[in-house]
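A.B. asks: Just need the whole structure built from these sequences, with the hints factored in.
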Amino acid sequence: MVLNMGPQHPSTHGVLRVLLELDGENVVTAVPDLGYLHTGIEKSCEDKTYSQAITLTDRMDYLNPLGNNLVYCLAVEKLLNLEIPKRAQYIRVMMVELQRISSHLVWLGTHALDMGAMSVMLYCFREREEILKIFERFAGQRMMTSYIRIGGLSLDPPSGWRELVKRFVDMMPPRIDEYEELLTNNRIWHGRLKGVGYLPAETLISMSTTGPGLRAAGVAFDNRKAFPYSSYEEFEFNVPTRTESDCFARYLVRVQEMRESLKIVRQAMDKITDQGPIKSEAPGIVPPQREKMKTEMEALIYHFKIFTEGFSPPPGEVYVPVESPRGELGCFIASDGSPKPLRVHFRGPSFVNLQALPLMVKGQLIADTVACIGTIDIVLGEVDR
Amino acid sequence: MPQLANANASVVIDRLRAWKSESVAQVIEYRGETTIVVPHKLLLAIARQCKEDPELNFDQLSDATCVDRFPNEPRFELNYQLLSIPRLARIRLRTSVSGQQPVIDSLEPVWPGANWMEREIFDLFGIRFEGHSDLRRILLPDEFEGAPLRRDFPVEGKR
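Residue numbers (the numbering used here), protein chains in the order written: chain P, 211 to 595; chain L, 12 to 170.
Since the hints were made in silico from the structure, they are not lab data.
Be aware that one or more of the hints could be misleading.
[To be verified] No farther apart than 30 Å at their CA atoms in a straight line, the calculated lysine-lysine pairs in the DSSO-like style are these:
| hint | chain 1 | residue 1 | chain 2 | residue 2 |
| --- | --- | --- | --- | --- |
| 1 | P | 550 | P | 258 |
| 2 | P | 376 | P | 473 |
| 3 | P | 473 | P | 296 |
| 4 | P | 296 | P | 489 |
| 5 | L | 62 | P | 435 |
| 6 | P | 253 | L | 52 |
| 7 | P | 572 | L | 62 |
| 8 | L | 62 | L | 31 |
| 9 | P | 504 | P | 258 |
C.D. replies: Structure below.
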């Protein structure tokens, strides 16, 4: 029997359609059908200047907009060979790690909800509210912040930001302990997740899986450690791994990653100075300060040129990989020397990791399919773009 | 990081040239990244060599993508990002196919993770992959006609 787990379903985490071929309660094959959220972001980027395309990147992986901004801006900055001031890099790291915690909170809340543990969802979203409040104070926006721009950041951190972030960082560890208290030793949680969705490490590597799914199989590969970017080499943190490679192992890896991200946020807070630049000095690429634009002629001309024509990186191609909460998020940009990119391609970890779903659910129960979809941690905006 | 890229790149180029001298058509070094341009007929063999040679050990295909260089020929430029997890090394393989006959060997036999990546390129660019197990559209509806990411397909409006 072929059962349609339609695009509209509370447990597919978005508009994902899975065609399940069943033999009684067991799944013979599962064929994902994608494209219900395809909005042509990569094509639209070709019609916009490099800075205009930043707002499009927010909307791909909508639980990690700052990470999307970062990977795109790092790629454009690599094309331009632009140096970013250390202070801006530290603030970027802090914001991206807060985003990682917020993304893992949504993952935990929705995954637990799928498994029936409904109260965890509300607790996770309560903490996520605090992070969204921080983003609102920094960038004016809760989610699609576009806070990371080419050359640095869009705005200076607001006054009083240290107290705000410190309050969150102090509040969070006991809350993570609370989630673990509810779930980690829970017999029902063990029954639903242990031994479900097992794939050996060689299969995961050859299926191009990255992120917590690969680390739960014992492969300690993390782009922040392997190919450090944006000053990550100056931060001390561990990369949690497990060896069982089932849904329960992935849960443990992600919960531990939340704790490691808090460590990084604390270190970033110490490194960020109260005064300092948030953007590089690159006339013609990075817009000048508004006060200078109103009094200096050169600044006014640069401002005009940047916002009407845009800047043109030299012709060439770059690929920048970063570690998103879901795995390796990559941005490939090909420039032809014009103000608009020739080709922008985003290597979405959700898209690539979802390939492994048919292998994961083969022979398992339908209820385990829901667990497997949740454990891969997909965001359809990134799968479909 | 640039040192790592250069040391790794020369190992790859030397090993590939030693295995087959015509495998490396061109080497491009840009912004600390190395791209090896390979003839499209040798792509599958070179990919297999990159994976199986113990000194290269590129066990994962990070990304496969296409750039449409219309109206230049050869029109479609395929870029494959390879990753070696044990050696923590990255390299890019590039090859080109013409616009009149956009066909190339599938890399799915070497890295099964290429499956959906090549389906996406087939869907959006119209390039056929020989040897692919399940070549059909992935993001667009099955009845869709055309290849939207080609440069001659408009961004908006009617065609």
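A.B. asks: Does each hint hold? Answer for all of them.
C.D. replies: Now the hints, each set against the structure:
1. 550(P) with 258(P): holds, 6 Å
2. 376(P) with 473(P): At roughly 12 Å apart (the allowed maximum being 30 Å), residue 473(P) and residue 376(P) satisfy the hint.
3. 473(P) with 296(P): The hint holds at about 19 Å.
4. 296(P) with 489(P): holds, 10 Å
5. 62(L) with 435(P): holds, 23 Å
6. 253(P) with 52(L): holds, 29 Å
7. 572(P) with 62(L): Status holds; Cα separation ~27 Å.
8. 62(L) with 31(L): holds, 15 Å
9. 504(P) with 258(P): holds, 27 Å
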